[in-house]
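Produce the complete structure using the sequences and hints provided.
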Amino acid sequence: MTGWLSVAHRQGAFRLELESDLQTGVTAIFGPSGAGKSTLLRIIAGLQTPDQGKIVVGDRVWFDRATGENLSVNQRRVGFVFQEPRLFPHMSVARNLTYGMRRSASKQAFGDMAELLDIGDLLNRRPANLSGGEAQRVALGRALLSEPDLLLLDEPLSALDFDLKQQISPYFARLRDHHGIPILYVTHDIDEVARLADHMVLLREGSGVAAGPVDQVLAQIDRDPEPSADIAGGLLTAVVTAPIDDDHLTQVKIAEHILWLPGAVGQTGETVRLRIDARDVTLSRVQPEGLSALNILPVRITGVEMLGAAGSLVRLDHAGQSFVARLTRRSLRLMELQTGDEVFAILKSMSATPSRVSGR
Amino acid sequence: MSAVWRKSYLTALALAVSASALASETKAETLTIAAAASLRGALDEIAELWGDDTAISYASSAALARQIEAGAPFDVFVSANSAWMAYLRDRGAIVDGTIIEIAGNSLVVVTAQDGSAAPAEPWPEMLDTLPADGRIAVGLTQAVPAGIYARQALEAAGRYTSLEARLVQVDNVRLALRLAARGDTAAAIVYISDALADPDVRLLARVPSHTHDPIVYPAARIAGSDHRSADDFLAFLAGPSAQAVLRRHGFAGAP
Amino acid sequence: MTFGSEEIGLVLLSLRIACVAVAVSLPFAIGTALLLTRRPFWGQSALNIAVHLPLVLPPVVTGYALLVLFSPNALLGRWIEVIFGTGIAFRWTGAALAAAIMAFPLFVRAIRQSLEAVDSGLQEAALTLGRSRLGIFFTITLPLCWPGILAGIVLAWAKALGEFGATITFVSNIPGQTQTIPTAIYSALQVPGDETAALALILVSVTISAGALIASEWLARSVGRRLAQ
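First to last, the protein sequences are chains A, B and C.
For reference, each letter of the first sequence is one residue, going 0 to 359 in numbering that gives the first Met the number 0.
For reference, each letter of the second sequence is one residue, going 0 to 254 in numbering that gives the first Met the number 0.
For reference, each letter of the third sequence is one residue, going 0 to 228 in numbering that gives the first Met the number 0.
Don't read these hints as lab results, they were simulated from the structure.
Do not take every clue at face value.
[Claimed, not checked] Chain A stretches covered by chain C per the calculated footprint, using a threshold of three residues with CB under 8 Å from any CB of chain C:
hint, stretch
1, 14–28
2, 139–150
[Unchecked claim] Which residues of chain C face chain A? A few of them, derived with a C-beta cut under 8 Å, are:
hint, residue
3, S119
4, E123
5, R130
6, P142
7, L188
Built from N, CA and C at the ideal position, the CB exists for glycine as well.
What follows is the structure in C-alpha cells.
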C-alpha cells in the first residue's frame, strides 16, 4: 500500500463518500457518469477541497481535515491527465513536456519518455498541430515528467474515437508497466478497465460499492445483476499459442479450446485476459456450423437470472472459468434453458490484454 | 517570451522616464502667464512684442483661478472677468496692489456673412426683426461670462423672458460665434473682439455697455511668483504698444 | 500656425506623456484586472466602481479632484514634493497622471476581458505540474493574454493622447511644459477665424491615433496567428 484516502464531500444534492487504499499499479475508478469520479480526482489533486477526510500519499499527508493540513495543488506532486489534453497552446511540445520538470531532472528521463510515448518527432510542433491521440500522449508525458507520487487520469481516452483509443491504449499499458507509482484511472468504459487496470473501485452515486482486484470486482458485478446489467460480462484467462498470422489473427487457447483474436495480442506462451461483454454472447443448443463467428466455446449453464425489462442473464462455466450471457426473455423461454444444460457460447467480440495477474 | 517581454517593458519604461527627466527641466527665466482663452490672439502678439521668453497657458478663467488657488507656478494672471480676480484677491493668491484692468470688451449681435438679416434697427428693436423661429446663440446664461452679460442686457431690454426659449446656450462663447457664422442660428450675442476677427460673420447691432456689468480684463501678479519681470510685464500690458494690439483685436483700451 | 519646432516639441511631449502614462499604469492595470477577475472578495465591487469612475464622471471633475489632492498646497502634493523632490501638479508628470487615470478604466476592461478568456483549465494543469501561481501567471496567463493586453495598451495610449478635460484642469495648458495636442488644439481654436491653424494638429492626432489602432489590430492578429500554430 502506498497511500490511503477517505473523503466525504457534499456538492448540492450530490454526496461523495469513499474510503480506499492507493495501490501501486492502475486502479480504475469505474462508474456511470455523474457518479462523482471526476470530483474525486479533483479533490485528490487539491483542485477542490472536500468537506471531510484525509489523503495520504507515500509518507506525506496531503490533506487532513482534522489537523487542518492541506497542501496546495503545486505542492502535492500529483500528475493529472484531464479528459482534454490541456496543452499550453503558446509553447512547443518540447516546452510543454519540460514545463513541470524539476531542475534536478535528467535529460535521460526526457529522452526515455519521448521514446516510451513515441513523441520524439513531435517535439517542435505546436499543440494545435497535433492529432487528438498525439496531444493526449504529450499530456501524459508532461504529467509523468513532473515525477508525480500519484498519477490521476480522468477519462484520458474518452474524447478519442475508437481507432485512436486502440492506438493510444498500448502507451498506457506501457506506462503502467514502467512506473511504480499508484495510478488512478477514471473511466466509464469497462473494456478499458479490463485492459488496463489491476484494481478497481466501483463508484455509484458518490459511494464506492465495490473495490479490489479487477477480476474479483467484475465477478462481483456479475453476481449482482440488478443495477449493473449493462456492464456484465466476464474475464477469461487464455494462453497465446501462435503469433499473429497473415489474416491478422492471433491464436489463443482456453483449456483445450482454440480462439482467434484480431490483431497482435501477445507473445506465444503469454497469458492474456479476455474481457467479454454479456451482450456479445449468443447461445446455441447445437454445435453451430457455417457461422462467420470464429469463437465458440462449450459451456455449462450455472444459473439463470431475470432482469426485469432488461431481459435475463445466463451464467456460464467453461473449464472452471465463468462469464455471463445476456438474452431476451423470449429467447430464454423458446430455448428452454435451464441450470445444468450443456450449450455452446458464440463470442462475437472480445478485447484482450496481456495479463499481469499471472505475470507477477 | 515572457522574460523578453518583461525586459523590453522595463527598458522602455526606463528610457521614457530618463528622457523625460532631461526634457522637463523648467526654464527658470520663462515668464509663465495664465490667461483667459479669449485673449489668445492679442496676447500672443503682445508676448512677441515683449521679446523675452514667455509661456502662456490658455484656459477658462475659472479653471485658471482654481489652479492658481491650488498653487500653480504662474507669474501673471489675466482674467476675462473681475469676479475670479476678486476671488483670488480675497484668498491672498494674488498680490493685491498689482491688479490692473488692461482691456475692456463689449457685446454685439452677429449673423452669418451671407445671412438675410439686415441691420435695419438698433438694439434692442433689431431683435424683433429676426425671423420669428430663428434661434440666438449665447454663452450659458448662468455660467459663461459672455452669457451672463447677454442675459443682463436682454433683461434690461425687457426681452429675456420672451426670447429665452429661442436661446441656444453653449458652454463656450466661441462656439456661439461659430453657430452664427455657419448659419445654424439666426444670430449670436458675442464679444466684439471675437466678431471682428471672424470673416464669416457681420455685425447686426452693438449692445449698449451700460445695460450689463462692465466687461473688463484684470491682470495681476501671482502671490507665489518671484519672477523679476512679472511687474514689468504688467506695466507693458498697460503700455501703448500692448494697448494698440488689444484695440486692433477689438478690445476696448484700458479704462 | 505653421508646423515648426514648437509644434514638433508639442507632439513629442504629448507622445511622452501618453507613453509614460501607459507604461507606469500597466502593472497597476494588470493587477487591478486580476483582482477584479478573482473570486469575489470584500470590497471588490467598491474597487470596480472606483476604477470605472473616471469613465462616467465629467473629465473636469476628475481633473479638479486631482488638483485638490495633488496641488502644491494640498497634503498629498506636499508629501510627493518632499519624497521625490518635485511635485506633479502643473508638470508633465501630472499630465501623465491625469491621462493615466482617465485611460485606466479602458485599460483595465481590455485586460480583464483577455484574462477572463484564458482557459482556467490550463492554469489548473500548470498547478498540477508543480508550478507556483506567480510562475503560472508569467508563463501561462500573461503570454496568453498578450493580444488583449496589447489591445489595452493601444486603447489606453490613444485615450491618454487625446485626454483633454482632466489635463487642462489639473496641469493647465503651459506651452513646452504641460501643453498637449488636445489642449493646443483648444488654444488654437480660441482665435476667431483661425480654425485652420488647428488643422495641422488635428491631422497629426488623427494620424497617430488611426495608426495606433491599425497597428494594434495587426499585432493582435499576428499574435493570434502565432498562438494558433
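Against the structure, the hints come out as follows:
Counting residues of the stretch 14–28 of chain A whose beta carbon lies closer than 8 Å to any beta carbon of chain C gives 0, which falls short of the minimum of three for the stated coverage. For the stretch 139–150 of chain A, the stated coverage by chain C holds: 3 residues have a C-beta nearer than 8 Å to a C-beta of that chain, and at least 3 were required. Evaluation of the S119 of chain C hint against chain A yields a violated restraint, the C-beta minimum of about 10 Å exceeding 8 Å. At about 6 Å, the closest approach between the beta carbon of E123 of chain C and any beta carbon in chain A falls short of 8 Å, and the interface hint on this residue holds.
Interface restraint check: R130 of chain C against chain A, minimum CB-CB distance 6 Å, threshold 8 Å, status holds. The interface hint given for P142 of chain C holds, since its Cβ lies 5 Å from the closest Cβ of chain A, which is under the 8 Å cut-off. The restraint placing L188 of chain C at the interface with chain A is violated, with a minimum CB-CB distance near 48 Å, outside the 8 Å limit.
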